[in-house]
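Given only the sequences and the hints, what does the whole structure look like? Please build it.
Now for the letters of each chain:
Protein chains: 2
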Amino acid sequence: MTDQLEIKEAFKKIQDSICADLEALDGTAKFKEDLWNRPGGGGGRTRVILDGDILEKGGVNFSAVHGSTTPELKQQLKTEAEKFFATGVSIVVHPNHPRVPIIHMNIRYFQLEDGTAWFGGGIDLTPHYINPEDALEFHNRLKQICDQTNPKWYERYAAWADDYFYIPPRKETRGIGGVFFDHLKAGQDGASKSDIFNFTCNLGNSFAEIYASLVNKHRNEPRVESEREWQLLRRGRYVEFNLVHDRGTRFGLVSDGRTESILMSLPNTANWAYDHQPMVGTAEHETLNGLKKGKWRAHSSRSKTA
Amino acid sequence: MTDQLEIKEAFKKIQDSICADLEALDGTAKFKEDLWNRPGGGGGRTRVILDGDILEKGGVNFSAVHGSTTPELKQQLKTEAEKFFATGVSIVVHPNHPRVPIIHMNIRYFQLEDGTAWFGGGIDLTPHYINPEDALEFHNRLKQICDQTNPKWYERYAAWADDYFYIPPRKETRGIGGVFFDHLKAGQDGASKSDIFNFTCNLGNSFAEIYASLVNKHRNEPRVESEREWQLLRRGRYVEFNLVHDRGTRFGLVSDGRTESILMSLPNTANWAYDHQPMVGTAEHETLNGLKKGKWRAHSSRSKTA
Numbered sequence: 001m002t003d004q005l006e007i008k009e010a011f012k013k014i015q016d017s018i019c020a021d022l023e024a025l026d027g028t029a030k031f032k033e034d035l036w037n038r039p040g041g042g043g044g045r046t047r048v049i050l051d052g053d054i055l056e057k058g059g060v061n062f063s064a065v066h067g068s069t070t071p072e073l074k075q076q077l078k079t080e081a082e083k084f085f086a087t088g089v090s091i092v093v094h095p096n097h098p099r100v101p102i103i104h105m106n107i108r109y110f111q112l113e114d115g116t117a118w119f120g121g122g123i124d125l126t127p128h129y130i131n132p133e134d135a136l137e138f139h140n141r142l143k144q145i146c147d148q149t150n151p152k153w154y155e156r157y158a159a160w161a162d163d164y165f166y167i168p169p170r171k172e173t174r175g176i177g178g179v180f181f182d183h184l185k186a187g188q189d190g191a192s193k194s195d196i197f198n199f200t201c202n203l204g205n206s207f208a209e210i211y212a213s214l215v216n217k218h219r220n221e222p223r224v225e226s227e228r229e230w231q232l233l234r235r236g237r238y239v240e241f242n243l244v245h246d247r248g249t250r251f252g253l254v255s256d257g258r259t260e261s262i263l264m265s266l267p268n269t270a271n272w273a274y275d276h277q278p279m280v281g282t283a284e285h286e287t288l289n290g291l292k293k294g295k296w297r298a299h300s301s302r303s304k305t306a
Numbered sequence: 001m002t003d004q005l006e007i008k009e010a011f012k013k014i015q016d017s018i019c020a021d022l023e024a025l026d027g028t029a030k031f032k033e034d035l036w037n038r039p040g041g042g043g044g045r046t047r048v049i050l051d052g053d054i055l056e057k058g059g060v061n062f063s064a065v066h067g068s069t070t071p072e073l074k075q076q077l078k079t080e081a082e083k084f085f086a087t088g089v090s091i092v093v094h095p096n097h098p099r100v101p102i103i104h105m106n107i108r109y110f111q112l113e114d115g116t117a118w119f120g121g122g123i124d125l126t127p128h129y130i131n132p133e134d135a136l137e138f139h140n141r142l143k144q145i146c147d148q149t150n151p152k153w154y155e156r157y158a159a160w161a162d163d164y165f166y167i168p169p170r171k172e173t174r175g176i177g178g179v180f181f182d183h184l185k186a187g188q189d190g191a192s193k194s195d196i197f198n199f200t201c202n203l204g205n206s207f208a209e210i211y212a213s214l215v216n217k218h219r220n221e222p223r224v225e226s227e228r229e230w231q232l233l234r235r236g237r238y239v240e241f242n243l244v245h246d247r248g249t250r251f252g253l254v255s256d257g258r259t260e261s262i263l264m265s266l267p268n269t270a271n272w273a274y275d276h277q278p279m280v281g282t283a284e285h286e287t288l289n290g291l292k293k294g295k296w297r298a299h300s301s302r303s304k305t306a
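Residue numbers (our numbering), protein chains in the order written: chain A, 1 to 306; chain B, 1 to 306.
There are no misleading hints in this set.
One-sided excerpt, in silico: chain B residues whose CB lies under 7 Å from chain A:
{"#": "1", "residue": "Val244"}
{"#": "2", "residue": "Met264"}
{"#": "3", "residue": "Leu266"}
It should be emphasised that the hints constitute simulated quantities derived from the structure, not laboratory data. Glycine residues also receive a C-beta, built at the ideal position from the N, C-alpha and C atoms.
Written out as structure tokens, the structure is:
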């Protein structure tokens with residue numbers, strides 16, 4: 001049986017191993033931990049790494065909270081259940097190098113007192129400069145992970161990521177997508193709760209290896225001042241997505257989430273420029289053109305040879 | 001009779017005179033104008049000033065738009081009217097000096113095809129470092145302007161500003177408040193449409209003088225690097241308010257507003273630090289303690305002697 005305690009402990013271990021792997025990847029900076037309690041029940045371990053050799057700011061948050069379902073939560077979950085339990089690991093890393101992408105990962109488990117329970121999660125990539133080879137490798141790796149549990153899931157959850165990480169007024173995806181799933185319950189496509197738990201953990205456990213590969217491929221490339229400026233503008237766009245359009249962030253901030261742990265996802269510095277339009281033909285313009293739904297999706301033929 | 005055209009032209013003149021006054025105040029930088037059309041009807045003049053002697057980024061936007069009421073607008077306005085007209089001037093200025101405050105001003109007029117019409121607006125101040133003398137002078141000046149039309153309005157609209165410019169999860173006001181009003185219609189407290197129009201214009205016309213006084217008082221004070229760091233963190237908080245909690249910004253971004261004109265309110269650069277807590281006794285800590293509703297409100301006794 002897959003119970004709350006087992007899931008919570010597995011998620012804590014995933015946080016631990018990711019932090020260890022990110023410190024090893026960076027080589028100089030170390031995480032600082034902040035333990036916190038939630039007044040209504042439970043708490044978390046917020047870990048932040050700053051000013052590293054490559055990691056400018058990274059946040060790896062674990063939380064396990066429980067308590068009474070607020071009216072907002074009841075409305076969002078369409079439930080009348082009075083009590084809930086939720087645990088998850090959430091990560092955002094902002095590198096200091098414009099050619100290394102921002103990455104986000106989240107895994108979560110939710111359970112109501114009536115026994116209803118589900119998993120959610122995902123990994124997605126926001127390059128300041130899209131590298132097509134990286135994008136395809138990233139998606140192929142996610143497809144492999146999904147295919148281990150169910151060959152239908154990659155396609156479905158990659159489409160979900162494109163829809164979720166989207167800025168409607170700009171008709172622009174946040175980055176090159178990835179996978180995103182929510183409300184994944186036992187029975188879905190024949191998967192047991194334990195299958196889904198394993199799938200969620202597989203995703204969490206793949207994070208460090210996926211990111212290390214991207215970081216190590218690009219960290220020694222030349223640093224160009226104009227590319228740094230573009231990086232800061234793309235961070236501004238990342239902030240815009242997270243604060244305006246990300247339903248998870250907004251829900252946390254307008255319900256009783258811990259503001260500082262939620263806003264850990266923001267970079268330590270970001271810029272905005274009024275109506276900035278890169279010139280046609282530049283790498284910046286190419287990147288903007290690449291921020292389209294479905295553009296980097298892995299295909300079956302490709303993944304067979306991967 | 002106060003009609004759409006008269007109001008629109010008056011608002012355009014207010015934009016013109018504010019831009020001229022801000023350029024004179026700055027002394028070096030000039031506004032750049034971007035004319036835009038709204039596909040559904042109307043358009044605007046977005047003006048941005050950058051990298052000045054004191055104005056790091058300032059946006060002064062005029063717009064006059066009309067067209068069909070979208071479902072979102074109908075819901076927000078609780079109306080079934082099919083057509084609307086809206087015009088307004090909106091300003092945010094981010095100075096480069098930590099001891100000079102951020103300022104925001106907005107005046108707007110809205111009319112539905114059924115003839116329902118109202119004004120809205122306000123001015124509020126967000127100091128990086130609260131200066132109590134400035135705060136009281138600022139509120140006294142706003143009280144004078146309100147008192148010219150109706151002695152009840154300052155108290156009511158200052159309370160409204162405190163409620164509007166508020167970050168609930170942080171229990172913190174964005175700045176030291178000011179005045180904010182909306183849906184102000186002919187007949188309110190005996191005021192005619194023309195009284196309200198004049199009140200709104202008075203507020204708009206007071207902006208440049210109010211801000212010039214604050215800028216000139218502080219622009220030559222020493223610039224301290226640690227104060228600049230704090231300024232960038234307060235800008236991060238300003239972004240947090242505008243993108244997460246400001247109903248006007250959010251409504252614009254999720255309806256068919258022009259993203260770049262709306263986000264003109266963001267600073268050109270801002271910082272975030274995880275769980276930053278200034279030490280007790282510092283000026284930064286004092287400022288945080290001052291971000292409370294009602295704290296800087298002008299009182300009748302004070303304004304009589306002002």
